[in-house]
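Asker: These are the residues of each chain, in order.
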Amino acid sequence: MLSRLSSISDSVNGPILFIAGTSVVMLVGITAVMIYFTIRYHRRRNPHPEDIHGHRMLEIVWTVIPTILAFGFFWYGWEGYKFIKTVPEGAMEVQVTGRMWSWVHEYENGVQSAELYVPVNKPVKLNLVSQDVLHSYYIPAFKVKQDAVPGIPDLFLWFEAYQTGVYQVFCAEYCGLSHSAMWSKVHVVTQDEFEEWLRVEGEKVVQIQQAAESGEGENLHILGEALSKSKGCNACHSIDGTRLIGPTYKGLYGKTETVVTGGQEREIVVDDAYIRNSMLKPTDDIVKGYQPLMPSQEGLVNESEIKALTAYIKSLQ
Amino acid sequence: MSDHAASASHGAAVRHGTVPNAADVDFYHFKGRWSGIFAWIFSTDHKRIGLMYLVLMLTFFTVGMTLGFVIRLELMAPGKTIMDAQTYNAVFTLHGVIMVFLFVVPGLSASLGNFLLPIMIGAKDVQFPRINLFSWWLFLTGGLMAVTALFTGGGPPDTGWTFYAPYSIRTGTNVTLAAAAVFVLGFSSILTGLNFLTTVHRMRAPGMSFFRLPLFVWALYSTAWLQVVATPVVGITLVLIMVERSFGIGVFDPVKGGDPILYQHLFWIYSHPAVYIMILPGLGAISDMLAVHARRTIFGYGFIAMSSVAIALFGSIVWAHHMFISGQSLVANFVFSLLTMIVAIPSAIKVFNWVATLYKGSIQLETPMLYTLAFIFLFMIGGFSGMMIGVLSVDVHVHDTYFIVAHFHYIIFGGLGFAFFGALHHWYPKMFGRMYHQVPSKIAWFLTFVGFNVLYMPMFIMGWEGMPRRYYDYLPEYQKWHVVSTIGSWIMISGILLMFWNLLRSLKTGKPCRELDPWGGGRTLEWTVPSPPPLENFDKIPTVTHGPYDPDVPEHK
Amino acid sequence: MSGHSIALTAHKDYRGSKIGIWLFLITEITLFGGMFLLYSIYRSEYAQDFHHAAAELNTLVGTINTLILLTSSLTMALSIAAVHHGNRKLSLWMLAITVLCGAGFMVNKYFEWGAKFHHGIYPGSEYLLAHPKGEVLFYGLYFVMTGIHGIHVLVGMVLLTVMFLKVMKQPNAKVSFVAGHGLGEIEGCRMAFVDAGGKVVWKGDEVDGSIERIDVKTKYWPVKKRFHVADFNQLENSGLYWHIVDIIWIFLFPLFYLIT
Ligand code: HEA
Ligand code: HEA
Ligand code: CUA
Ligand SMILES: [Cu+2]
Numbered sequence: 001m002l003s004r005l006s007s008i009s010d011s012v013n014g015p016i017l018f019i020a021g022t023s024v025v026m027l028v029g030i031t032a033v034m035i036y037f038t039i040r041y042h043r044r045r046n047p048h049p050e051d052i053h054g055h056r057m058l059e060i061v062w063t064v065i066p067t068i069l070a071f072g073f074f075w076y077g078w079e080g081y082k083f084i085k086t087v088p089e090g091a092m093e094v095q096v097t098g099r100m101w102s103w104v105h106e107y108e109n110g111v112q113s114a115e116l117y118v119p120v121n122k123p124v125k126l127n128l129v130s131q132d133v134l135h136s137y138y139i140p141a142f143k144v145k146q147d148a149v150p151g152i153p154d155l156f157l158w159f160e161a162y163q164t165g166v167y168q169v170f171c172a173e174y175c176g177l178s179h180s181a182m183w184s185k186v187h188v189v190t191q192d193e194f195e196e197w198l199r200v201e202g203e204k205v206v207q208i209q210q211a212a213e214s215g216e217g218e219n220l221h222i223l224g225e226a227l228s229k230s231k232g233c234n235a236c237h238s239i240d241g242t243r244l245i246g247p248t249y250k251g252l253y254g255k256t257e258t259v260v261t262g263g264q265e266r267e268i269v270v271d272d273a274y275i276r277n278s279m280l281k282p283t284d285d286i287v288k289g290y291q292p293l294m295p296s297q298e299g300l301v302n303e304s305e306i307k308a309l310t311a312y313i314k315s316l317q
Numbered sequence: 001m002s003d004h005a006a007s008a009s010h011g012a013a014v015r016h017g018t019v020p021n022a023a024d025v026d027f028y029h030f031k032g033r034w035s036g037i038f039a040w041i042f043s044t045d046h047k048r049i050g051l052m053y054l055v056l057m058l059t060f061f062t063v064g065m066t067l068g069f070v071i072r073l074e075l076m077a078p079g080k081t082i083m084d085a086q087t088y089n090a091v092f093t094l095h096g097v098i099m100v101f102l103f104v105v106p107g108l109s110a111s112l113g114n115f116l117l118p119i120m121i122g123a124k125d126v127q128f129p130r131i132n133l134f135s136w137w138l139f140l141t142g143g144l145m146a147v148t149a150l151f152t153g154g155g156p157p158d159t160g161w162t163f164y165a166p167y168s169i170r171t172g173t174n175v176t177l178a179a180a181a182v183f184v185l186g187f188s189s190i191l192t193g194l195n196f197l198t199t200v201h202r203m204r205a206p207g208m209s210f211f212r213l214p215l216f217v218w219a220l221y222s223t224a225w226l227q228v229v230a231t232p233v234v235g236i237t238l239v240l241i242m243v244e245r246s247f248g249i250g251v252f253d254p255v256k257g258g259d260p261i262l263y264q265h266l267f268w269i270y271s272h273p274a275v276y277i278m279i280l281p282g283l284g285a286i287s288d289m290l291a292v293h294a295r296r297t298i299f300g301y302g303f304i305a306m307s308s309v310a311i312a313l314f315g316s317i318v319w320a321h322h323m324f325i326s327g328q329s330l331v332a333n334f335v336f337s338l339l340t341m342i343v344a345i346p347s348a349i350k351v352f353n354w355v356a357t358l359y360k361g362s363i364q365l366e367t368p369m370l371y372t373l374a375f376i377f378l379f380m381i382g383g384f385s386g387m388m389i390g391v392l393s394v395d396v397h398v399h400d401t402y403f404i405v406a407h408f409h410y411i412i413f414g415g416l417g418f419a420f421f422g423a424l425h426h427w428y429p430k431m432f433g434r435m436y437h438q439v440p441s442k443i444a445w446f447l448t449f450v451g452f453n454v455l456y457m458p459m460f461i462m463g464w465e466g467m468p469r470r471y472y473d474y475l476p477e478y479q480k481w482h483v484v485s486t487i488g489s490w491i492m493i494s495g496i497l498l499m500f501w502n503l504l505r506s507l508k509t510g511k512p513c514r515e516l517d518p519w520g521g522g523r524t525l526e527w528t529v530p531s532p533p534p535l536e537n538f539d540k541i542p543t544v545t546h547g548p549y550d551p552d553v554p555e556h557k
Numbered sequence: 001m002s003g004h005s006i007a008l009t010a011h012k013d014y015r016g017s018k019i020g021i022w023l024f025l026i027t028e029i030t031l032f033g034g035m036f037l038l039y040s041i042y043r044s045e046y047a048q049d050f051h052h053a054a055a056e057l058n059t060l061v062g063t064i065n066t067l068i069l070l071t072s073s074l075t076m077a078l079s080i081a082a083v084h085h086g087n088r089k090l091s092l093w094m095l096a097i098t099v100l101c102g103a104g105f106m107v108n109k110y111f112e113w114g115a116k117f118h119h120g121i122y123p124g125s126e127y128l129l130a131h132p133k134g135e136v137l138f139y140g141l142y143f144v145m146t147g148i149h150g151i152h153v154l155v156g157m158v159l160l161t162v163m164f165l166k167v168m169k170q171p172n173a174k175v176s177f178v179a180g181h182g183l184g185e186i187e188g189c190r191m192a193f194v195d196a197g198g199k200v201v202w203k204g205d206e207v208d209g210s211i212e213r214i215d216v217k218t219k220y221w222p223v224k225k226r227f228h229v230a231d232f233n234q235l236e237n238s239g240l241y242w243h244i245v246d247i248i249w250i251f252l253f254p255l256f257y258l259i260t
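Protein chains in written order, with this note's numbering: chain A, 1 to 317; chain B, 1 to 557; chain C, 1 to 260.
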């Protein structure tokens, strides 16, 4: 409960211990007095009440003491909060994008992943943006949380993990249907493991680029599959024909689809160009029977990634 | 109540009625222009309006509670238990909307407040009886609109009761109608507040100076100010949401340059004061009940009265403590956290004075007193947890987790809910002229109290462990607490059903209780009129010569 | 009737209803206050865009509308003053002009909005979306705030029309106090009685606690054309509402039209 898994823990644990401690003492004390009075002055024992109108000194005492305590609580919490909001020099930065209903983490070298990898004992700063509605990046184990707000670019949180392991990430701000499924993980690994991971992932990026350029089909769809996972497409698109928020990928390519374009229904055949446009400008054509919920991927996927994703969709017949 | 539903009429219509002798006929039996149900729904008598509010509110409350019960069933196990995610999201939204806007905000003030306020200040009615009836009709309309929102448009709204933009602009569900419903309800609440303020200013009996007002009246008075000043802000905010959805003006839509955080500010500028609109009448009722059942004067009357005003004042300037994590500036966080601490002081003053009121009293543990004591205990837990989340660094961790859910259920349900139940029992004989059955009422209290703690205490724990709120599905490690909590809800349900059943049954079978003052300790004016009160409350407007809780009321035996 | 019947007559308290209407005006102010808050925040955020967008509003139409509303405020006040002096005819004329001013205002607004729509400026229009965000917000706020203000003008017009009919048709419901009874209930009210020809017969100051009795000579008692005291009050309250609607416009006008 009062675990110390990150640098943030102390700023939360300290104040809560102090406030909860004080509160329990007061709660128990006041309740005890209340019960004592109720018994002692029960009508059976005390049939004749006495009217006491007040006591100035007492009033002062029980105004001043809670005031002091309350300011104490505040101050302690503020000190902790200042720490939470002060990012140490040299923290590793990761861009985090939230959208319905997945997180994407992007590293300085362009690697993107659905789950966060960080080295242990190193300050990490997450820059949070949202593409659609409010989300909130919450790592309970590290006791840190920050909303991601569309249109506001400079929101962040930071932490330094103290122990290797895998920790849960939640979305803590209500964001619609699959809010409770908007999970991710933090993998806290050693510095070496982290660098290795980053290198391998970086190579994949290069591979995709090369594959896309050379148009090597085989490889491409496997990379597309990885991309679809890391970019959170699978939150809304199934590959086995089940209907999720969006249409399934299965059998999508080449099929004739009814879409609504600017209020007009029309039929289209799903091809490369259509899929590309569906990713970049999803609101142009809305598949009939679905809501315009798909977040635009503009700026989040590059041309080679689009090719890989298309190849992946193509492969799912 | 039905056996009393004889015809009667009031206000403007009164003049057409026949008045054998106004003082002898209670307000149920007064014959006026209308009869049957119309004698109620067209009545401008504050007592009838109060009872009509009570009936409507309890109806909505039952719906809200049933939804709460359904939430608990769904959360018994991770994954799908009894409904799908979309339904779940609609269910907690409606649960919140109904509980807040249809139950606790009108709450004690529109129901018992309407019934008691004029009597307590020695008046025959409120200042604007017809506006009073109109606000009841608005309340009914708003309630029906909220219900209609379930079955029309894109289905029940799924935004949470806070309607946060931009999700509330995007979602295809019927948010527009729900927001319109809340707007209408807000209007109703404003009119009630306006009515009460004017009534307290203009209609006090001779000698009833402000510092001779019962504390319940003080609380209603402070509440009314909040209603009048704060409600229009949420009204306009929701209108903006509706306009935004229909026409896309852009003020809250980040795509068009709007700022979602501003929406939150506007929403909480009302909705934080609204939580004090909810609790203040409860705090007032508790003071009155304590004085009666401890048979003595209130300790520190002036301090309790002024602390209601202070809560209303300070409560208006702390709204942004709901937004510590939203991305607002550090300065704002500093200021609002500090101010939040300050609201606790007037609450502290109240609690201490209540406890001191027990000292050298002559305490009888009637059911209302049991609710009162339970209230103080639960209110403290709710309040202390409020302090914890008002502290910045702690809120970073627990914001939007079950810790918050536990906080507000403790303070709303454990606070206002228990005060409400207590007040129902306390003024029951006055309202209906019958006494409820004692034993079941005490058993019901016990079950409710125990069930309550089993239900909500685990939420503090899982909240601290990181279980986010508004979650349809969760990790298995939280399940044990969810199960305990669900079991608690069953215990509490049995308590509450027993309570309602007992109160309803007693309308017919309860011992008739025609005494002026069945508790033998009532010193405020409502205990000087017959039970149930006559149409015009007072045969002759009384002249007040001393404070509300002081003895020697001449009419008092 | 007996003493009871007096107790049963609807309570009339003129100070009370003044308090009531003032409280209501407070709610109107907080209602618009919310939107003014939005306006000022967005304006400081997008100062430049707001200036550009405001340049496109027609200052002439705005000015005319401002003058119209100011005039209507004046005629409203004159109408109330006329009633106080027992001059029903003048009062009715002034009320009529007030309502007509309101109508003129709305017609102007109609054409103004129409012109904007014609240019493709309306919430969510393609034309707007192609412009900077600040301009979108400016017009969003412009349409909402003037729209809601317009609704208030309409409500005011309906209210004043009702008042017109009341003053015209039913000047003389019963005066519900008998000399020596219920005097306190008309405290704070000013009264005038006129005869059938509209001539003022009696004009009183505000009734205050120092007056112990008002004896109305029966000579004019049954005459039809006498004002019910309540109508003063309703008219005055409607007047207050109308003034607040004007005042809000006085704020809207410079914020939207004059900031270029
Ligand atoms: C009746 C309703 C009610 C009341 C009275 C309160 C009272 C208080 N609330 Fe609560 N609150 C809610 C209803 C209410 N709240 C709701 C519904 C939400 C959630 C909204 C949502 O997001 O859906 C919420 C959320 C909420 C938050 C936001 C949390 C978050 O989302 O992250 C905060 C943060 O500061 C807060 C604080 C407080 C405080 C400090 C008080 C104080 O007024 C409490 C004061 C009382 C005491 C302190 C106890 C008595 C005092 C003593 C016994 C003396 C000793 C005291 C000291 C030494 C300090 N509340
Ligand atoms: C007055 C306020 C009030 C009250 C009394 C309650 C009462 C209850 N609440 Fe509620 N609650 C809120 C206000 C309230 N709540 C608000 C504002 C929210 C936030 C919503 C949001 O996030 O937007 C919330 C959210 C909320 C959640 C969080 C949902 C989530 O975040 O995912 C949960 C979870 O357990 C919950 C549970 C309950 C339960 C079990 C009750 C119990 O008290 C209910 C007990 C049930 C009974 C006692 C039922 C008895 C009656 C019947 C079963 C009826 C039988 C039928 C007939 C006779 C016809 N509530
Ligand atoms: Cu994203 Cu909740
Ligand atoms: Cu609050």
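Hints in this document: simulated from the structure, not taken from any laboratory. Keep in mind that a hint or two might mislead.
Here are the simulated DSS-like pairs of lysine-lysine, each with C-alpha atoms no more than 25 Å apart in a straight line [unchecked claim]:
#1 Lys508/B to Lys442/B
#2 Lys480/B to Lys80/B
#3 Lys18/C to Lys124/B
#4 Lys281/A to Lys255/A
#5 Lys80/B to Lys185/A
#6 Lys229/A to Lys185/A
#7 Lys204/A to Lys255/A
#8 Lys229/A to Lys125/A
#9 Lys80/B to Lys229/A
#10 Lys281/A to Lys229/A
#11 Lys540/B to Lys442/B
#12 Lys185/A to Lys480/B
Asker: Check whether the Cα positions of Lys80/B and Lys229/A lie no farther apart than 25 Å.
Answerer: holds (24 Å)
Asker: Is Lys281/A close enough to Lys229/A, meaning Cα to Cα at most 25 Å?
Answerer: holds (20 Å)
Asker: Does Lys80/B lie within 25 Å of Lys480/B when you go C-alpha to C-alpha?
Answerer: holds (17 Å)
Asker: Tell me if the straight-line CA distance from Lys185/A to Lys480/B falls inside 25 Å.
Answerer: Holds. Lys185/A to Lys480/B sits at ~23 Å (cutoff 25 Å).
Asker: Has the given pair, Lys18/C with Lys124/B, been kept, meaning a C-alpha gap of at most 25 Å?
Answerer: At roughly 20 Å apart (the allowed maximum being 25 Å), Lys124/B and Lys18/C satisfy the hint.
Asker: Can you confirm whether the C-alpha distance between Lys508/B and Lys442/B stays at or below 25 Å?
Answerer: holds (19 Å)
Asker: Are Lys80/B and Lys185/A close enough, with their CA atoms no more than 25 Å apart?
Answerer: Between Lys80/B and Lys185/A the Cα gap is close to 22 Å, so the pair holds against 25 Å.
Asker: Quickly compare the C-alpha distance for Lys281/A and Lys255/A to 25 Å and report which way the hint goes.
Answerer: This hinted pair holds, its Cα atoms lying about 20 Å apart.
Asker: Keeping to a limit of 25 Å between CA atoms, is the pair of Lys229/A and Lys185/A held or broken?
Answerer: Holds. Lys229/A to Lys185/A sits at ~14 Å (cutoff 25 Å).
Asker: Below or equal to 25 Å on CA atoms is what counts here, so check Lys204/A against Lys255/A.
Answerer: violated (30 Å)
Asker: When you check the alpha-carbon spacing of Lys229/A and Lys125/A, does it fall within 25 Å?
Answerer: The given pair, whose Cα atoms are some 24 Å apart, holds under the 25 Å limit.
Asker: Is the straight-line distance between the alpha-carbon of Lys540/B and that of Lys442/B 25 Å or less?
Answerer: This hinted pair is violated, its Cα atoms lying about 38 Å apart.
In terms of the numbered hints stated before, the structure departs from hints 7, 11, listed from lowest to highest.
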